[in-house]
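Student: The listed protein sequences derive, respectively, from chains A and B.
In this text, residue positions in the first sequence follow the working numbering: the first is 2, and each later residue adds one.
In this text, residue positions in the second sequence follow the working numbering: the first is 2, and each later residue adds one.
If you're looking for bench data, these hints aren't it; they were derived computationally from the structure.
Please note: incorrect hints may appear among the correct ones.
DSS-like, lysine-lysine: derived pairs with alpha carbons at most 30 Å apart [unchecked claim]:
id	chain 1	residue 1	chain 2	residue 2
1	B	K130	A	K652
2	B	K8	A	K652
3	A	K652	B	K18
4	A	K462	A	K596
5	A	K197	A	K116
6	A	K274	A	K311
7	A	K274	A	K326
8	A	K443	A	K51
9	A	K462	A	K291
10	B	K18	A	K699
11	B	K8	A	K699
12	A	K489	A	K462
13	A	K443	A	K489
14	B	K64	A	K699
15	A	K652	B	K64
Heads up, incomplete: computed chain B residues facing chain A, CB under 8 Å, no partners named [said to hold, decoys possible]:
id	residue
16	E42
17	S48
18	P126
Remember, predicted model here, so these are calculated numbers, not experimental data.
Just so it is clear, CB atoms sit at the ideal spot from N, CA and C, and this is done for glycine as well.
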Amino acid sequence: MTPQNKGTTTEPYRPYGADIKETRPYSPCRAACPAHTDVQAYVGLIAQGKYTEAFEVITAPNPIASVCSMICHHPCEQACRRCGIDEPLSVRHLKRFAIEKSQEYRRAKRRLVQKTRGKSVGIIGSGPSGLTAARDLADFGYSVTIYERHPVLGGMLASAIPPYRLPRNMLKEDIDDVISRGIEVKTGCEIGRDVKLEDLAKKHDAVLIAIGLSQSRSIPIPGVEGPGVLLAIPFLEDVAFDRKPSLGKKVLVIGGGNVAMDVARTARRLGVKDVSMVCLESAEEMPAWKWEVDEAVEEGIAINHRWGPKAVRREGEKVLGLEVKKVKSVFDASGRFNPAYDESNTTLLEADTIIITIGQMSNISFMKDSAVKVDERGRVQWNPETQMSSAPGIFLSGEVVTGPGSAIAAVANGHRAALAMHLHCQGETIEGRLPAAQEKEKIEQMPAEVVEKVARESRVKIKHLAPEVRCDTMVHFEIGYDETEALKEAGRCRGCGGGAVVNPNKCMACLTCQRICPYGAPVVTSVSEIRPEYCQACGLCAPECPGQAISMVSYDVREFRDRMPSLIGAVDPGRKEPHIAAFICTHHVGVFGFKVPSNVHAIPVHCTSRIDVLDILKAVECGADGVAIVRCGEGTCKYRGIMHRVSARAKRVQELMSALGMGPERIEVLSATGGDSASYEAVCAAFSARVKEMGLRKASIR
Amino acid sequence: MIMGSQKPIDEIWAMVKDFNRVLVFGCNTCVAVCHAGGEKEAETIASLVRMRAQQEGRTMEVKHLGVMRHCEPEYFEPVMDEVKKYDLILSTACGVGVNFLSDRTGTIPVFPGINTSFFGSVEAPGFFKELCAGCGNCIVHLTGGLCPIARCSKTLMNGPCGGTNKGKCEVSNEIDCIWYLIVERMKKLGTLEKLSEIQPPRNWATSRDGGPRRISLEHLREYEEKEEKAQATGGKKQ
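Could you put the whole structure together from the sequences, leaning on the hints where they help?
Tutor: In structure tokens form, the structure reads like this:
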């Protein structure tokens, strides 16, 4: 299924419950994402097999979603409430899966956007922030031109992130999505060299400087000048643009951050067997992500901790190694970065090539003598309230002003800048109109008594190319999920923020929800309030609410009832086989991971807890000869207390069927024990045979 | 709370079969709490009626609706225009609601979808029990707070009778002998000796005698605006 708006309207796809979610605390994953991607929504859509809808949710706030699916540091995972249970959801890989599944869809939906505003904007730099602003401003109806000094778009994504982490075809898909809106692109165009900033300011109604941090910092130590000592960014650019950098046999990387990891691991892939690193910090203090460090170590890269560079030792021009001094402490008493050394404790780390990766800065030379003021320390002056520089109409976004951060943080800042530019172009006030930078209110951690009740399910591990294989290639080293794996992993999501809500105008405080919730989420006072930090979004309560006051944020409790005729299809009066409706739990086999006989009309549900008496009756009303509720199997349910309730609901329908003179045996709860496709097929086929035995229903005869 | 239970579909069908547009109208207070006649159960009954109509080859429009209470006009007034589009209203409110609605629907009949059963408690989830008979003359201060009128099969005022059997009633083993419970309770309260006073025959005048019962609270009743004007002008006599 594809979103209904495909190709017919520019109205963006909104997942079910998007509006109500804005009025409630965010799921921790969403709150943690700088762009506030609705992770819970898209993971839920993946679990339902709605991959293109998931793609829409992923890309709505994030124009570089393919890139993020490869390189994002995924703060969503660190915030995942499953961390307190077993392991976080594998969000980044699920994102990658949904995007890969939507490749045809995304290409087909690329459209020119009408330039309705009659105004133009110029964007300097095409990294995450620049691309984001370009997309937003094109969507607002502006004529957008991107100026990029490199021959290709993408900024550091194209010029510095090594291909083994970010395959360039993924980046290209994101860029094509953005520029297909009708954005003009001027690559190989360096501001200050090819065109002056003030000329751009005159040409456009607003200009955005989103140039990132494209220059490496060096270290002022003896011997640093000369051959054999390289800077990170030029090195990575050489690799990105296939200008083979010359390395020796023994490479030493100075630095302990993520770029240092990129540099070391890239050097390893260029055929250097002996790559080591040296950094000021201990293993615990290192700023690089732990998984990057682990992967580097797997690749045979040694890390020398707590040594600071003192001098590059040379014999003539030839580099012999780096003389280092012992670090006593990295941070001072107030926690500031302020390394202290033991100058008497030194050693020589042998190397013939040294790559310095200690930080980056922006190249702001083109702002000299322009209206954009730069302070005495070389920082561009800007107003964070308006994203504007000291020059009216010239805006700033991304790392040039925020300092080093993640790609997704630059995306978030790019949105902010685009909105500021839009307001400026419309002659409106910007102050107070941009989204506040503070953290969104989020759902609290899961209480211990709930954690105890949640079934443990380990994360579906992603496969990597073996270290000995991946070190010989720039090929991306992670092997993405296949469909079965992705559906299984998506099923682990606890649906934070997608759970039950009460309409206080319909609640009569009957206590039913409070009594049946296995997690203790509802608390009834004058009306019921379902506490989101407890709710597991199982949906067990909604069908039992006698006033129909409970709805679910993330799915429509009436979906099956209202769509039943199309879900089970028209009943053929001349049929030979019974027309069976089967509500099938997809938790363990995935949405399309089962096969059922052709006369069985499967209605995939995330859990049979959601099936109401009314849903079963509706299937009978629509002409089904039999209705099966197929559970995922004994003891495998991701929720608690489901079997008893679901069986009781089925029994009630059986009694009502008897009262109508129809065989109660036409309704059954089945368990697909075994959890594989064959077990679903077998239980459905056996049920179908039993119904056939009973005879087929005729509309006018009982 | 007022408890009820759904009528069998055969009985409902006999009531509704000759109508073309039927509204099953739920009440979201007492009868919703006992899962007999709230909006959800109204929808369930509507589904059953549609299926029966299909079985009988009848074309019938059957819809459902629910409001918070059927026994106060303000709650259903906003939906009365919708309600009046139907030929028949099958109310799943208690008898109070059915009556109350019948007084207000002109020529549209209102039939009961549930049997109003008793005043009861939610003893445990899904289990409801009669505890009061609404007799109009409460005497439970004499019986340890437990009502023999509602809970004794014979409504005895001086029990137990000879049918008491190990704490159960001779009518059924599933019924507690309330007089047994009264004795036990009054032992605990230290007031057992009060039971030696013989209660005279009850005056049933407050129960079903003298026609439908009413309660009027003057301070809450509507009043004519002219009275207020009289006060505002200093209470001058006109």
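Student: It remains to establish, for every hint, whether it holds in the given structure.
Tutor: Tested hints:
1. K130(B) - K652(A): With a Cα-Cα distance of about 23 Å, the restraint between K130(B) and K652(A) holds, given a limit of 30 Å.
2. K8(B) - K652(A): holds, 18 Å
3. K652(A) - K18(B): holds, 27 Å
4. K462(A) - K596(A): With a Cα-Cα distance of about 26 Å, the restraint between K462(A) and K596(A) holds, given a limit of 30 Å.
5. K197(A) - K116(A): holds, 25 Å
6. K274(A) - K311(A): holds, 25 Å
7. K274(A) - K326(A): It holds: about 25 Å lies between the C-alpha atoms, which stays within 30 Å.
8. K443(A) - K51(A): Satisfied, since the Cα-Cα distance of roughly 26 Å is no more than 30 Å.
9. K462(A) - K291(A): Satisfied, since the Cα-Cα distance of roughly 16 Å is no more than 30 Å.
10. K18(B) - K699(A): Roughly 20 Å between the alpha carbons, so the hint for K18(B) and K699(A) holds.
11. K8(B) - K699(A): The given pair, whose Cα atoms are some 26 Å apart, holds under the 30 Å limit.
12. K489(A) - K462(A): Cα-Cα ~11 Å, so holds.
13. K443(A) - K489(A): Within the cut-off at roughly 26 Å; holds.
14. K64(B) - K699(A): holds, 23 Å
15. K652(A) - K64(B): Distance of about 24 Å is within 30 Å: holds.
16. E42: The hint holds - E42(B) has a Cβ within 8 Å of chain A, the shortest such distance being about 7 Å.
17. S48: With a closest approach of 4 Å, the S48(B) hint holds.
18. P126: holds, 4 Å
Figure legend: structure checked against the earlier numbered hints; every hint is met.
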